[in-house]
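There are 2 protein chains.
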Amino acid sequence: MNFSSKLLENAVAEFAKLPGVGQKTALRLVLHLLNQDRDDVHKFSAAMTTLRNEIQFCKICHNISDQHVCEICSAPKRDQSLICVVEDTRDVMAIENTSQYNGVYHVLGGLISPMDGIGPSDLQVDTLVERLATAEVKEVIFALSATMEGDTTIFYLHKKLKHFNISISTIARGIAFGGELEYVDEITLGRSIATRVPYENSLSR
Amino acid sequence: MNFSSKLLENAVAEFAKLPGVGQKTALRLVLHLLNQDRDDVHKFSAAMTTLRNEIQFCKICHNISDQHVCEICSAPKRDQSLICVVEDTRDVMAIENTSQYNGVYHVLGGLISPMDGIGPSDLQVDTLVERLATAEVKEVIFALSATMEGDTTIFYLHKKLKHFNISISTIARGIAFGGELEYVDEITLGRSIATRVPYENSLSR
Numbered sequence: 001m002n003f004s005s006k007l008l009e010n011a012v013a014e015f016a017k018l019p020g021v022g023q024k025t026a027l028r029l030v031l032h033l034l035n036q037d038r039d040d041v042h043k044f045s046a047a048m049t050t051l052r053n054e055i056q057f058c059k060i061c062h063n064i065s066d067q068h069v070c071e072i073c074s075a076p077k078r079d080q081s082l083i084c085v086v087e088d089t090r091d092v093m094a095i096e097n098t099s100q101y102n103g104v105y106h107v108l109g110g111l112i113s114p115m116d117g118i119g120p121s122d123l124q125v126d127t128l129v130e131r132l133a134t135a136e137v138k139e140v141i142f143a144l145s146a147t148m149e150g151d152t153t154i155f156y157l158h159k160k161l162k163h164f165n166i167s168i169s170t171i172a173r174g175i176a177f178g179g180e181l182e183y184v185d186e187i188t189l190g191r192s193i194a195t196r197v198p199y200e201n202s203l204s205r
Numbered sequence: 001m002n003f004s005s006k007l008l009e010n011a012v013a014e015f016a017k018l019p020g021v022g023q024k025t026a027l028r029l030v031l032h033l034l035n036q037d038r039d040d041v042h043k044f045s046a047a048m049t050t051l052r053n054e055i056q057f058c059k060i061c062h063n064i065s066d067q068h069v070c071e072i073c074s075a076p077k078r079d080q081s082l083i084c085v086v087e088d089t090r091d092v093m094a095i096e097n098t099s100q101y102n103g104v105y106h107v108l109g110g111l112i113s114p115m116d117g118i119g120p121s122d123l124q125v126d127t128l129v130e131r132l133a134t135a136e137v138k139e140v141i142f143a144l145s146a147t148m149e150g151d152t153t154i155f156y157l158h159k160k161l162k163h164f165n166i167s168i169s170t171i172a173r174g175i176a177f178g179g180e181l182e183y184v185d186e187i188t189l190g191r192s193i194a195t196r197v198p199y200e201n202s203l204s205r
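For the protein sequence lines, the chains are C and U, in the order given. Position 103, counted from 1, in the first sequence is what the numbering used here calls 103; the numbers after and before it change by one each time, with no gaps. Position 44, counted from 1, in the second sequence is what the numbering used here calls 44; the numbers after and before it change by one each time, with no gaps.
Excised from the complex, chain C in its bound form (with noise of 0.2 Å):
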């Protein structure tokens, strides 16, 4: 592209580097803040410098945090014998959105893959091994995505965690709500008739 200002080709560039923002949807962007106040500019500038500087990760469950500790692992009504394993902050989003569920969370920054070059040390697995040595622990519920690396990562940490006295699930897989039979891929069917529940728990849940 050619553009007329050395600035612009840099505020360009710099909102291309984000995933899935193209050179067109970053000049589109960049065009749209240079309308906006210049106190605006500087508050959406301050927001991502001061959340990068600013930010901590709680150190008991990792997840993103203003505190040392969160406000999941710190609240007295939540389970802490309950820890339930996850890849980032969104999926603690995501379950939180459910009201579901009441313990606490785990979160490994990543999953296992290889291909990537991401092996076990790059993930806080040491720490939630740690974490079951030292408190007091029921159960362990893996929610990690259905993917490769997903079911890399579980293999590898039951193997790690099996010998610990907890019980280790994972979320159940099978066919989402409001899914049409004929539509399913063939593994997830395949796999939902192997794992099927008696009628009256798939009530009850």
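Do not take every clue at face value.
Said to hold, decoys possible - Quick list of in silico lysine-lysine cross-link-like pairs, DSSO-like style, CA-CA up to 30 Å:
hint, chain 1, residue 1, chain 2, residue 2
1, C, Lys-43, U, Lys-6
2, C, Lys-17, C, Lys-6
3, U, Lys-59, C, Lys-24
4, U, Lys-138, U, Lys-77
5, U, Lys-24, C, Lys-59
6, U, Lys-59, C, Lys-6
7, C, Lys-24, U, Lys-24
8, C, Lys-6, U, Lys-17
9, C, Lys-77, C, Lys-160
10, U, Lys-77, C, Lys-24
11, U, Lys-43, C, Lys-43
12, C, Lys-77, C, Lys-138
13, U, Lys-24, U, Lys-43
14, C, Lys-43, U, Lys-17
15, C, Lys-43, U, Lys-59
16, U, Lys-24, U, Lys-6
17, C, Lys-17, U, Lys-17
18, U, Lys-160, U, Lys-59
19, C, Lys-6, U, Lys-77
20, C, Lys-59, U, Lys-6
21, C, Lys-77, U, Lys-6
Honestly, the hints are just simulated from the structure, not real lab data. None of these values were measured; they are calculated from a predicted model.
Position chain U relative to chain C; hints supplied.
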């Protein structure tokens, strides 16, 4: 959404103000920035504030520029007697990318749109009239969108400019190259028949 951090919530809210960016996209972009080096995030923020604070508009054509007079207006090789009137800087970039135009520009900064409360006084109309009165201009080309707002603006400008002894033209409208006839809407097709050009002329273009 249930954010685990006020800083995160604030950054997501700022991103979600951008056009076409929803809460989920904003969260994805902010988490991406959070994974970058502090320096990179600082560079991102600084690019926006610097752009907003230091950007200038060419005092001749009103295009975005780093100097008082933009590179196009100050280029000795450009034909100063040919002015292409466009809506905004994106249109200048689009026309520059064709490498077919050697004149200069006039950026209106918008289109007349009574529905949005944008009248001629909000646009760089007076400066265009001034330019025609003082500089030696032979032709004005309207390169505006083929919309109601574009047509209204051309109609208004034509009335304002017709007493000058210059030729006034608009860019050709018709079927796009590569366009299949059966998919062209009837207004475009009808007008492209009405404004048909001699075959020899269509070749030379």
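### Query
Is the straight-line distance between the alpha-carbon of Lys-59(U) and that of Lys-6(C) 30 Å or less?
holds (17 Å)
### Message
Can you confirm whether the C-alpha distance between Lys-77(C) and Lys-160(C) stays at or below 30 Å?
### Response
holds (29 Å)
Compare the distance between the alpha carbons of Lys-43(U) and Lys-43(C) with 30 Å, and conclude whether the hinted pair is satisfied.
holds (15 Å)
inquiry  = Lys-24(C) and Lys-24(U) were given as a pair; does the straight-line alpha-carbon distance stay at or below 30 Å?
reply    = This hinted pair holds, its Cα atoms lying about 21 Å apart.
Legend entry - Proposed proximity, Lys-77(U) with Lys-6(C) (alpha carbon, max 30 Å): With Cα atoms ~21 Å apart, Lys-6(C) and Lys-77(U) stay inside 30 Å; holds.
Q | Given hint Lys-59(C) paired with Lys-24(U) - CA-CA distance at most 30 Å | A | holds (26 Å)
Lys-160(U) paired with Lys-59(U) [C-alpha distance capped at 30 Å]: holds (21 Å)
Mind checking the alpha carbons of Lys-138(U) and Lys-77(U) for me, to see if they're no more than 30 Å apart?
With Cα atoms ~16 Å apart, Lys-138(U) and Lys-77(U) stay inside 30 Å; holds.
query = Going straight from one Cα to the other, do Lys-24(U) and Lys-43(U) come out at no more than 30 Å?
reply = Holds - the C-alpha atoms of Lys-43(U) and Lys-24(U) are around 24 Å apart, at most 30 Å.
Restraint check for Lys-43(C) with Lys-17(U), where alpha carbons must lie at most 30 Å apart:
Holds, because 12 Å separates the two Cα atoms, which is no more than 30 Å.
Holds or violated: Lys-59(U) to Lys-24(C), with C-alpha atoms at most 30 Å apart:
holds (26 Å)
Note to self: Checking one constraint from the list: CA of Lys-59(C) to CA of Lys-6(U), max 30 Å. Satisfied?
What the structure shows: Status holds; Cα separation ~17 Å.
Going down the numbered hints, you'll see the structure goes against none, and every one checks out.
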